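Novice: Counting from 0, one number per residue, gives the positions in the sequence shown under numbering that gives the first Met the number 0.
Certain hints may be false.
What follows is a set of in silico ranges between Cβ atoms, one per label pair, in the way DEER data are often shown [to be verified]: (1) Lys261 to Glu226: 37 to 43 angstroms; (2) Ala133 to Ser257: 44 to 50 angstroms; (3) Gln75 to Ala200: 34 to 40 angstroms; (4) Val108 to Asp156: 19 to 25 angstroms; (5) Thr149 to Asp254: 51 to 57 angstroms; (6) Asn198 to Thr73: 35 to 41 angstroms.
In short, the hints are calculated from the structure, not lab data.
A quick note: this is a predicted structure, and the numbers were derived from the prediction, not measured.
Here a beta-carbon is modelled for each residue, glycine too, at the ideal position from N, C-alpha and C.
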Amino acid sequence: MTKAMKRVTCLACVAVMGLGAAMFAACEKEGGTDNPGGSTEKTEIYISGSSSVTPLMEKLAAVYEVLNDEVEITIQMSDSGTGVADAQQGKNDFGMASRDLKESETGVVSKKICLDGVALVVNNSCSLTDVTGAQLYDLYANGTAIGSVTNAISREDGSGTRDAFDSLIKNAAGDELGDLTQFAAVVEINNNTGTVMSNIAANKNGNTIGYISMGSLDDTVKAVTFEGVEPTAENVKNGTYTLSRPFNIVYKSEDSLSAAAKEFIDFIMSPAGQWIAQYEGYISETL
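Using the sequences and the hints, build the whole thing.
Specialist: Right under this line is the structure:
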């Protein structure tokens, strides 16, 4: 793709996505170097980890590849724990984690790219509109129904979304859900965000609740309010919606990053990259 073609394609992305002045400036500034008849070999960047971070990373990568057609970015969706472990073992350029590093996860550093809310979701037919932390704790811990909702979905060990949910949901005494050794029998474990959404959407009798990345919300499921507050980017940013967590990228050190990975991270943290995050429903702390 020539420089002129890349600029046109990028500006088309801006028009469709409504990303505004910051992204327009990136399209004007970036664009790579024309290389007619030259080598087609691409510089590869490999990223792995969180299924919650993956949709945003795919959007960022798609725009970046338009601007830099000599770069090819591969994203492998798994979970936060795997993304961190891959970074520790040098299996990726950097990992994705929808939580902060644990004390046991040594030899790597993390960089926050944005914030995300954890949305509580039910089937569109469900009459439930609001839940409290204590109600959720009792459902997941003891199987206590919340109105017509008698079942729940959680995520697998290693999921950053589960880590956030388990630490944020507490009973009246302040005990965290994560302190439990096991959930009630009414809780089903799902392995990624997409599976949670599919199972909630298929739950036509509306008796099941689950949780997903707020940025992954669409009209196939219904988000309920948490303690009277809607899961919106504005409410996460102002602190009134308390179910939130960071999206991080994880790598061994700045020196361990390839030049291509460093440049992509610079793009993610730039106004253009942060506009994309904000447009996709996540919360930038720099815009």
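Novice: Run every hint past the structure and note whether it holds.
Specialist: A quick look at each hint next to the structure:
1. Lys261 to Glu226: 37 to 43 angstroms: holds (41 angstroms)
2. Ala133 to Ser257: 44 to 50 angstroms: holds (48 angstroms)
3. Gln75 to Ala200: 34 to 40 angstroms: Given about 25 angstroms between the Cβ atoms, the range is violated.
4. Val108 to Asp156: 19 to 25 angstroms: Given range 19 to 25 angstroms: holds, Cβ gap about 23 angstroms.
5. Thr149 to Asp254: 51 to 57 angstroms: Holds: the Cβ-Cβ distance is about 53 angstroms, inside 51 to 57 angstroms.
6. Asn198 to Thr73: 35 to 41 angstroms: violated (28 angstroms)
Of the numbered hints given earlier, the model fails hints 3, 6; all others are met.
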